[in-house]
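Protein chains in written order, with the working numbering: chain H, 101 to 450; chain E, 15 to 297.
Do not take every clue at face value.
[Claimed, not checked] Partial selection, computed: residues in chain E whose CB lies under 7 Å from chain H:
{"no.": "1", "residue": "M111"}
{"no.": "2", "residue": "L112"}
{"no.": "3", "residue": "G115"}
{"no.": "4", "residue": "F118"}
{"no.": "5", "residue": "W126"}
{"no.": "6", "residue": "L145"}
{"no.": "7", "residue": "V242"}
{"no.": "8", "residue": "I277"}
{"no.": "9", "residue": "V278"}
{"no.": "10", "residue": "A284"}
{"no.": "11", "residue": "P291"}
Source of the hints: derived by calculation from the structure; they are not laboratory data. Even glycine gets a Cβ: it sits at the ideal position worked out from N, Cα and C.
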Amino acid sequence: MTGGRLPARLGNLVPVARGRAFLPILAAGVLVLVVPQVWFADSEYTTSLAVQALAFAGYAVGFNLIFGTTNQLFLCVGALAGIGAYGTGILSNHASLPIWVGIVAGTIVAAAVGGLMSWVAVRRSLGVIFTGVLTLAFSFAFQDLLFGQQHLTGGSTGQTLTAAAASLADNQIGGYYLFGAVVIGFLIIFRLLQISHFGWAFRALRDDELAAELAGVNVARYRICAAVIGSAMIGLTGGLYAYSEGFISPPTFAFDQVDVTVLVLVAFGGLGTLLGPLIAAVVFAFVDNALVNSGQLRELIYGAIIVVIFLGFRRGVPQTLGAIVRRFIPHDKVGTRWRLPLSVRQRERS
Amino acid sequence: MKAVILDGIILGLGFGLLGVGMTLVYGLGGVLNLAYGEFAVLAAIVVAQAISGGMPTVLAAVLGILAAATAGVLLDLSLMRPVYRQSTGHRVLLGLMLTLGLAFVIEGVLTWRDPLGGLTISIGGKPISILGVPIAVGSVWAALITLAVGVVLLVFFAATTFGRGVRSVIQDELGARLVGISPSLVRTVIFGLSGALAGLVAVTQSMTSPLTVSGGFNLTVYALIVSVVGGLGSVAGAFLAGILLGIVDDVSARYIGSYISDIVLLGAAALTILVRPRGLFGS
Numbered sequence: 101m102t103g104g105r106l107p108a109r110l111g112n113l114v115p116v117a118r119g120r121a122f123l124p125i126l127a128a129g130v131l132v133l134v135v136p137q138v139w140f141a142d143s144e145y146t147t148s149l150a151v152q153a154l155a156f157a158g159y160a161v162g163f164n165l166i167f168g169t170t171n172q173l174f175l176c177v178g179a180l181a182g183i184g185a186y187g188t189g190i191l192s193n194h195a196s197l198p199i200w201v202g203i204v205a206g207t208i209v210a211a212a213v214g215g216l217m218s219w220v221a222v223r224r225s226l227g228v229i230f231t232g233v234l235t236l237a238f239s240f241a242f243q244d245l246l247f248g249q250q251h252l253t254g255g256s257t258g259q260t261l262t263a264a265a266a267s268l269a270d271n272q273i274g275g276y277y278l279f280g281a282v283v284i285g286f287l288i289i290f291r292l293l294q295i296s297h298f299g300w301a302f303r304a305l306r307d308d309e310l311a312a313e314l315a316g317v318n319v320a321r322y323r324i325c326a327a328v329i330g331s332a333m334i335g336l337t338g339g340l341y342a343y344s345e346g347f348i349s350p351p352t353f354a355f356d357q358v359d360v361t362v363l364v365l366v367a368f369g370g371l372g373t374l375l376g377p378l379i380a381a382v383v384f385a386f387v388d389n390a391l392v393n394s395g396q397l398r399e400l401i402y403g404a405i406i407v408v409i410f411l412g413f414r415r416g417v418p419q420t421l422g423a424i425v426r427r428f429i430p431h432d433k434v435g436t437r438w439r440l441p442l443s444v445r446q447r448e449r450s
Numbered sequence: 015m016k017a018v019i020l021d022g023i024i025l026g027l028g029f030g031l032l033g034v035g036m037t038l039v040y041g042l043g044g045v046l047n048l049a050y051g052e053f054a055v056l057a058a059i060v061v062a063q064a065i066s067g068g069m070p071t072v073l074a075a076v077l078g079i080l081a082a083a084t085a086g087v088l089l090d091l092s093l094m095r096p097v098y099r100q101s102t103g104h105r106v107l108l109g110l111m112l113t114l115g116l117a118f119v120i121e122g123v124l125t126w127r128d129p130l131g132g133l134t135i136s137i138g139g140k141p142i143s144i145l146g147v148p149i150a151v152g153s154v155w156a157a158l159i160t161l162a163v164g165v166v167l168l169v170f171f172a173a174t175t176f177g178r179g180v181r182s183v184i185q186d187e188l189g190a191r192l193v194g195i196s197p198s199l200v201r202t203v204i205f206g207l208s209g210a211l212a213g214l215v216a217v218t219q220s221m222t223s224p225l226t227v228s229g230g231f232n233l234t235v236y237a238l239i240v241s242v243v244g245g246l247g248s249v250a251g252a253f254l255a256g257i258l259l260g261i262v263d264d265v266s267a268r269y270i271g272s273y274i275s276d277i278v279l280l281g282a283a284a285l286t287i288l289v290r291p292r293g294l295f296g297s
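Generate the whole structure from the sequences, applying the supplied hints.
So, in structure tokens, the structure goes:
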């Protein structure tokens, strides 16, 4: 399968209705489009919460692509986002380049850094934990760098993006639609990868890396590809976040702010699932908002929620709820949604 | 230079002790305890409260270590049960998430009850001269305690029946079960030991610098890095890695600058992982 295209014989196993694979994304897109009109377009506060949720959904989709599908624990989501954001900030503030140049450059650098780390990890055949600690070390070193290089980053006081369009910084709903479009775009890319030869390779190497390698899947190449694409998503989201907020500071991209949240989101939504990260981001936006007034108890409750969720719903909350629903509704009435061939599903269930 | 290296070794012994508690738990079934640093903070707060309540320092320290050990045992008996029922592949993530949640809960409780809490144990007296280098009394005590505990641990794992049993579970859980060792009992004891070590780290740390409620997460991260560099599951490796990283940290702080020293430290850790992907003493 290294050659790129899916062999015809495997192709037959993919459900005929490929178009249906995109139905969930379409539904999510419509919701993203319509919800503000009927609900919060007039409330600046709620809109800013929604922007925040979508930005985290963007990070989570990228992380899901790296960890959920190819099992590389990248604990540097915040750092990659920071590369995108600070790339944007530094290029537009210090080099007076147009803001989109900064965003593109930041995205490319983030993708390159993510790809490099994946290459190193693959080369040295680091396991999940070791990749995690390596990227964690990078994460912390990046934070130190942000604090240390004051003339470039503004240190702990942060940096205002002078070139950020006033129209976007002031116009929250514009930011909302920008992030909405980006997240939907990410989901489309994610699905496209899933139904192409990438999807098969990802599934194979997540199940059993050695077996996949023996079956001719170029594990290293697919891993690095996933890391590059996922890191680009994270970097782009970070750059756009800097653009829409107009101000960045190191804590915005700190490990405990971004990575912990993203890990919780992806695990909550179900590893490797399409809509999981988006659903989780929305749910946790509500949870966060509900906990705003609990003050000092906030952290305690947040932790308790994480524990309860992971004790009760080990495969991701949407999946578990879906399984419960399916138990009560006969199988054929659920409809022929896009799904894996029966043989694969049975194997995964066991 | 001699002073810097000696300082680094003392700092590194602390790192090493921190790493041991993390590495042992990981060795027994592949779970990283992200609440580890919070155990240390918990112990610190208990000690601080006990001292302010009029208890002698030594007794308070023992009480704090016991509290952290109890927390470790409770963690094993409650949240870790479903984790160990999972297959090895799923354990990692579930273990990470549950201990992460627990870390939030402990930190939440501590910041709620005692937001400004912290522990400083000051030991007075003139600096002691070691190899011609004056070292603060607190640091000497911390280093001596750490060294003693390190030796006891090494002897325990090398020479006692129970210690060998623990190592056999680290090597091969099924094999250990076949020769009559109960992995779950071993795990409970090791979780308790790990908690006690976290508590001890809190005590020795606070002899040189204050340990505050918000410091738990950093302790966890350092423990993680030290244990990975040393080779997961290896006690001697954790100490060696701790001392190496301590020297690297001190030397770079002295000669390059303090904010760079963190980057150098992390870079050294990353480099070790890359050169020896299984850690210094990994198998």
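If you take the shortest Cβ to Cβ gap from V242/E to chain H, is it below 7 Å?
-> holds, 4 Å
Should the hint that L112/E touches chain H count as held when the rule is a Cβ pair under 7 Å?
-> holds, 6 Å
May I ask you to test the interface hint for F118/E with respect to chain H, counting a Cβ-Cβ separation under 7 Å as satisfied?
-> holds, 3 Å
So, A284/E near chain H? Judge it on the closest CB pair being under 7 Å.
-> Check passed: Cβ of A284/E comes within 5 Å of chain H, closer than 7 Å.
Would you check whether P291/E satisfies its interface hint, that is, whether its CB is within less than 7 Å of any CB in chain H?
-> Status holds, d = 5 Å.
Given hint V278/E near chain H, where the shortest CB pair must fall under 7 Å | At about 9 Å, which exceeds the 7 Å cut-off, the nearest Cβ of chain H leaves the hint on V278/E violated.
Hint check: is the beta carbon of W126/E less than 7 Å from a beta carbon of chain H?
-> For W126/E, the interface hint holds, since the closest Cβ of chain H sits about 5 Å away, which is under 7 Å.
Per the CB criterion, is G115/E less than 7 Å away from chain H?
-> Because about 3 Å separates G115/E from the closest Cβ in chain H, which is inside the 7 Å limit, the hint holds.
With a cut-off of 7 Å on the beta carbons, see whether L145/E makes it to chain H.
-> Where the cut-off is 7 Å and the nearest Cβ of chain H is about 32 Å from L145/E, the hint is violated.
Grab the minimum C-beta distance from I277/E to chain H and call the hint holds if it beats 7 Å, violated otherwise.
-> Constraint on I277/E satisfied, holds at 5 Å.
Identify whether the interface hint at M111/E stands, where standing means a beta carbon of chain H within less than 7 Å of its own.
-> holds, 5 Å
Violation of the numbered hints given earlier is confined to hints 6 and 9; the remaining hints are satisfied by the structure.
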